[in-house]
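Top line first, the protein sequences correspond to chains A and B. When the letters of the first sequence are read in order and numbered with my numbering, they come out as residues 2 to 168. When the letters of the second sequence are read in order and numbered with my numbering, they come out as residues 3 to 87.
It cannot be assumed that every hint is accurate.
Stated by the list, open to error - Lysine to any residue pairs mimicking SDA-like chemistry, simulated, CA-CA at most 25 Å apart:
(1) A:Lys116 / B:His50
(2) A:Lys7 / B:Leu71
(3) A:Lys7 / A:Ser60
(4) A:Lys36 / B:Glu66
(5) A:Lys36 / B:Asp77
(6) A:Lys51 / B:Trp58
(7) A:Lys49 / B:Asp14
(8) A:Lys122 / B:Leu18
(9) B:Lys83 / A:Asp37
(10) A:Lys7 / A:Gln132
As the list claims (entries may be wrong) - Which chain B residues face chain A? A few, computed with CB under 7 Å, are given here:
(11) Leu7
(12) Val10
(13) Ala45
(14) Thr48
(15) Ala49
(16) Leu52
(17) Ile53
(18) Tyr56
(19) Glu61
(20) Leu65
(21) Phe78
(22) Ile85
These are calculated hints, taken from the structure and not from any lab test. Just so you know, even glycine gets a beta-carbon here, dropped at the ideal spot from N, CA and C.
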Amino acid sequence: MTTQTKDPIIGLYRDCFPDLARMIRRMGGSLEEAKDAFHDALLIYMEKEKAGKLQLHSSPKAYLLGTAKICWLHSRGKGTISALPEGFEAVQEEDDGTEEREQSLLESLVRSGRKCMELLKAFYYDHCSMQDIATRFGFNGRRSATVQKHKCLEKVGEEIRSIQAYA
Amino acid sequence: MRSELNEVYQIDSYLLRQLSEEDARAFEARLLLDDALAEKVEAQRTAHRLIRRYAWREERGRLEEIYRLLLDEADFAHQIKTIFT
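Please put together the full structure from these sequences, using the hints given.
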């Protein structure tokens with residue numbers, strides 16, 4: 002089986018995006034806007050699913066189309082805050098200096114330790130078990146993976162403090 | 003685990019709201035008295051935010067890749083082209 006058929010997001014993408022694109026087009030939007038809104042909706046969907054917090058009252062497709070439409074309306078300044086889906090803040094960029102500051106901090110952290118960032122993402126974002134992390138990153142069991150995770154978090158914390166001290 | 007790593011673990015438990023109410027209150031009391039600890043907590047809070055930001059960036063890259071892959075499929079590409087012409 003290829004990666005392409007194994008990843009359920011690819012199937013969802015293939016099934017949902019043309020319908021969303023049609024809807025956004027009818028409302029006067031562009032292909033690029035439809036894609037951005039769809040990616041925002043998929044990010045919200047995937048984050049909730051990984052955290053076990055996805056509560057669907059209809060199909061994944063209805064959820065994605067509804068969420069993407071709200072994201073698109075918001076990006077056009079037409080949406081109301083109360084209609085925003087939970088998790089929306091996660092995928093939006095902030096306008097003040099925070100965005101730039103944190104982006105530059107992140108660049109520096111990735112430069113000095115991409116593996117640590119990958120490991121921390123696997124734990125905090127993908128909600129992988131320590132056993133899965135041990136297997137994926139080649140550690141000798143859960144305990145060793147846990148120690149490494151704490152070392153990575155300590156290293157990232159130290160780097161943040163050191164960069165902020167000189168900022 | 004060495005004591006520094008224990009501290010990282012304890013801060014994480016506090017930030018992820020995994021401490022009991024009593025332990026959380028005791029930890030907050032320590033924060034008021036210990037500036038160095040408070041600084042570490044803030045850095046770790048920022049670390050959590052940056053890990054999430056890193057994850058979004060990686061996932062966005064993956065979604066762009068999926069979009070490009072699907073455009074190689076004649077049926078998908080045709081549908082999209084028809085909608086926007």
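Structure-based check of all given hints:
no. : hint               : verdict
1   : A:Lys116 / B:His50 : 16 Å, holds
2   : A:Lys7 / B:Leu71   : 14 Å, holds
3   : A:Lys7 / A:Ser60   : 20 Å, holds
4   : A:Lys36 / B:Glu66  : 9 Å, holds
5   : A:Lys36 / B:Asp77  : 17 Å, holds
6   : A:Lys51 / B:Trp58  : 13 Å, holds
7   : A:Lys49 / B:Asp14  : 21 Å, holds
8   : A:Lys122 / B:Leu18 : 15 Å, holds
9   : B:Lys83 / A:Asp37  : 17 Å, holds
10  : A:Lys7 / A:Gln132  : 22 Å, holds
11  : Leu7               : 4 Å, holds
12  : Val10              : 5 Å, holds
13  : Ala45              : 4 Å, holds
14  : Thr48              : 5 Å, holds
15  : Ala49              : 5 Å, holds
16  : Leu52              : 5 Å, holds
17  : Ile53              : 5 Å, holds
18  : Tyr56              : 5 Å, holds
19  : Glu61              : 6 Å, holds
20  : Leu65              : 5 Å, holds
21  : Phe78              : 6 Å, holds
22  : Ile85              : 5 Å, holds
Of the numbered hints stated above, none is contradicted by the structure.
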